[in-house]
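Chemist: If you read the sequences in order, they're chains A and B. Residues in the first sequence are numbered consecutively from 16, following this note's numbering. Residues in the second sequence are numbered consecutively from 8, following this note's numbering.
One or more hints might be untrue.
As the list claims (entries may be wrong) - Computed spacing ranges between beta-carbons, pair by pair:
no.	chain 1	residue 1	chain 2	residue 2	range
1	B	D29	A	A41	21 to 29 Å
2	A	T98	B	S15	56 to 64 Å
3	B	L581	A	A149	23 to 31 Å
4	A	G65	B	F150	30 to 38 Å
5	B	P307	A	L35	30 to 38 Å
6	B	N216	A	G169	56 to 64 Å
7	B	P473	A	F148	40 to 48 Å
Said to hold, decoys possible - In the DMTMM-like style, the derived pairs of lysine to aspartate or glutamate whose C-alpha atoms are separated by at most 20 Å in a straight line are:
no.	chain 1	residue 1	chain 2	residue 2
8	A	K197	B	D586
9	B	K367	B	D553
10	B	K338	B	E443
11	B	K261	B	D173
12	A	K197	A	D122
13	A	K197	B	E640
14	A	K197	A	E119
15	A	K125	A	D90
16	A	K197	B	E648
17	B	K261	A	D181
18	B	K512	B	D586
19	A	K197	A	D181
As the list claims (entries may be wrong) - Which chain B residues stay away from chain A? Per the calculated CB distances, all over 10 Å, these:
no.	residue
20	L73
21	Q402
22	A520
23	L576
24	D586
25	W597
In case anyone wonders, no lab produced these hints; they're calculated from the structure. Quick reminder that beta carbons are idealized off the backbone N, C-alpha and C, glycines included.
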Amino acid sequence: MNADTRAPRTRPDDGDAHDLVLDVRALPSFAFGHRSVMWWSTMGLMLIEGTVFAIAVMMVFYLRTRAPTWPMAADPPRLLWGTLNTVVLLVSLWPNQLAKNAAERGDRAKAALWLAVCLVASVAFLIIRGFEFAALNVSWYANAYGSVVWLLLGLHTTHLITDTVDTAVLALLLFTGPFEGKRLVDVSENAIYWYFVVLSWLPIYGVIYWVSRY
Amino acid sequence: MSDERNASYPVDGPHAEPAVRDALAATWSDPPGFIGMLCAVNHKTIARRFMVTTFVFFLLAGLFALAMRTQLARPDQRVIGPNLYNELFTMHGTTMMFLFAVPVMQAVAVYLVPLMIGARSIAFARMNAYAYWVFLFGGLLLFASLAVNTAPNAGWFSYVPLAGPDYSPNKGADIWAQMITFTELSGLLEAVVLITTIFKLRAPGMSLNRMPLFVWATLVTQFMVIFAMPSIMLCSTALILDRLVGTHFYNPVKGGDVLLWQHLFWFFGHPEVYLIFIPPLGFISSIIPTFARRPVFGYPAMVLSLIATAFLSFGLWVHHMFATNIPELGKSFFTAASLMIAIPSAIQIFCWIGTLWTGKLNLRVPLLFVLAFFFILVMGGMTGIMVASVPLDLQVHDTYFVIAHLHYVLLGGAVFPLFGAFFYWFPKFAGRMLDERLGKWQFWLFFIAFNVTFFPMHLLGLEGMPRRVWTYPHGLGWDGMNLTATIGAYAIALSVLLFIVNVVKSLRSDERAAADPWGAGTLEWSVPSPPPPHNFDAIPVVHGRDPLWEPPARPAFVAGLAADAREVLVTSVLDAQPDHRPMFPTPSIWPLASAVATTILFIGSIYTPWAIVWASLPVAVAMIGWFWPNRGENRLAVARERRP
Chain A
16 MNADTRAPRT RPDDGDAHDL VLDVRALPSF AFGHRSVMWW STMGLMLIEG TVFAIAVMMV
76 FYLRTRAPTW PMAADPPRLL WGTLNTVVLL VSLWPNQLAK NAAERGDRAK AALWLAVCLV
136 ASVAFLIIRG FEFAALNVSW YANAYGSVVW LLLGLHTTHL ITDTVDTAVL ALLLFTGPFE
196 GKRLVDVSEN AIYWYFVVLS WLPIYGVIYW VSRY
Chain B
8 MSDERNASYP VDGPHAEPAV RDALAATWSD PPGFIGMLCA VNHKTIARRF MVTTFVFFLL
68 AGLFALAMRT QLARPDQRVI GPNLYNELFT MHGTTMMFLF AVPVMQAVAV YLVPLMIGAR
128 SIAFARMNAY AYWVFLFGGL LLFASLAVNT APNAGWFSYV PLAGPDYSPN KGADIWAQMI
188 TFTELSGLLE AVVLITTIFK LRAPGMSLNR MPLFVWATLV TQFMVIFAMP SIMLCSTALI
248 LDRLVGTHFY NPVKGGDVLL WQHLFWFFGH PEVYLIFIPP LGFISSIIPT FARRPVFGYP
308 AMVLSLIATA FLSFGLWVHH MFATNIPELG KSFFTAASLM IAIPSAIQIF CWIGTLWTGK
368 LNLRVPLLFV LAFFFILVMG GMTGIMVASV PLDLQVHDTY FVIAHLHYVL LGGAVFPLFG
428 AFFYWFPKFA GRMLDERLGK WQFWLFFIAF NVTFFPMHLL GLEGMPRRVW TYPHGLGWDG
488 MNLTATIGAY AIALSVLLFI VNVVKSLRSD ERAAADPWGA GTLEWSVPSP PPPHNFDAIP
548 VVHGRDPLWE PPARPAFVAG LAADAREVLV TSVLDAQPDH RPMFPTPSIW PLASAVATTI
608 LFIGSIYTPW AIVWASLPVA VAMIGWFWPN RGENRLAVAR ERRP
């Protein structure tokens, strides 16, 4: 319907001009942080995936209590690539936070730039992750130790891949459009998820590389 | 203010003209036609499909039970062979637990929660549609496996080593494991959808302590889903890896452990009982106040009991494993925890009794089903206390006593209240009432037949009849009780048939239900039956726990949401203060396309691990297509944008 053709007096919502209604027209159309529904879905996914990681870590310790030696019939994984990747992941938090800040300032150009830097970092740690698998010193079909280590590293790698794809698509959208304000909320949520992927790596790193040494 | 008054688009409000209402209905409708059906995202459309799908699975699983009871009616029968019998009890349990009991509760919640909290939509309507399609395809996979004779046959909890590569060489166990992946993915997404809806889309004024108890029950259940379902996804993934790529999670020869399966399965499996049981507590807390004609007694105690039940339910899983070699101290701990969970359940029962006692009873069909819940669930709870104690459990483990116990708990705790809920909310689902007389017939037949079927199973178990036997010899003293149970099973089938007749009759009648036929107090009864596509012509402002029973207060309604776009009001988490008004997505084919791609990935991976690699490409393409904004919608969003 076309409201412009009506005289203002007979607008369909004319009756609502008094204070008996709660007028919400002045409210913004998007918001950051826990005010937005996106934040809650990101939190939900993080809770789900955090539970998956926690249970996978419990599987490691359960199998370890049953095993006479740990690691079973294998050398512990080489530290080089895993440790290097941990450093790269931690460093990537810096451009990630800058992308988040830019988005919350409403600076589309800077947000796109820092997302692109994050993307470079994620390609870097996916390549290093390949070397990590090669440095595990055990295959998944050798024994239960190999199986669970591959499971843990594989689960985290799945998160790296999906987060890389998410970041790439979002960065592309910021560069090419169609753009609207709520995409800045998406950048902010993407940054929170990035924190999750990086910080959840730290206990997994400890379990894969150090629990098998002590 | 004046610039908004002259906005160039129609906005809603309590005094808006019928034209605004029509605009709202057109905005929130699903598109017409067959393609439109596949694009539907309205929460009521999806929830109706979801409920019908789960109910069809319920009927099929019931028919499997009937086939098993037919085989067991007499000793030494040869109606069904041992392998088919194994497939039948596996399919019966798997379908009832994974394709009916858990998802039906989410389906009902997807329908009712937005109506109860005064919202026009569920959060993430497209994800909700995707979750439905994934669930549907997972269920179809399981039934297709039965049709091509590779159905799983290791029982609904698929224990290793029986379900492992050595003892289940055919594809049945893989199909079972992937069906889990489908249904749990769907369940987890629904949990995120419902939690966000409940936290962020409540009408202004509906602070957490004014939420209807059904909404509380749903909220608590969805948090349990988030913490319980990852466990079974991981354990079924480990099983399929053992079977397909030669890992050794459950292979003791290579350092694996078969009890790991039981821990992971029951860490999900016991909370699952409460995923099935807590939403019905919400049904009951909705039905009792309406038919006792007073607000519920002890609201804070009810909410705290729901939360306590959820917490305690995660500390019980080992009581399914008393017959294994776990340490004695562990068994004592889990016995104590199992007894403790009776406390919050008892608190709720006392609050309901208090409500009924001080109310003026209106003895209609929904209330009858709730009263039956008290009787049957208390019976199931008593045998629950018995099997929670280690010495008794060792005696009756894997016997028909356990079968009797779990059916008393699950049918009494979930199916009886669910039928009550169908009768109660049917006007909202379908715009018509169900017939009261047929309903009473169904109720009494179901109630009597249920006890005729399952009560003798307690005795059969005590007499030593093991579960999952396809036949038994004459002369063990089991013949009469088995025949009785079979007669009861047929009578249950008849009662369910009466329900179907009632539904069909009601859908064919012209008589329409009123908006509030029961005189209830919550918001879903303030809108017509069935509700229009946009649920509320104007979003209500809430001033109490039972808004329709409260004296009028100001302001009564929200005004100013666009009528020509899917604008919704988002409020704050605790106090439901108006916060912002984002635009929600429109109907789309991408959720279905993504679900089809996901299905190809999951089913492909049963046959080759490489499917994980090549089939993830279409999934990624479909999901990026889903995310990428459409130019027309984008223009509208930019035009209406208002920065925080």
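Chemist: State the violated hints by number, sorted upward, taking the hints as numbered earlier in the document.
Modeler: 3, 6, 10, 15, 17, 18, 23, 24
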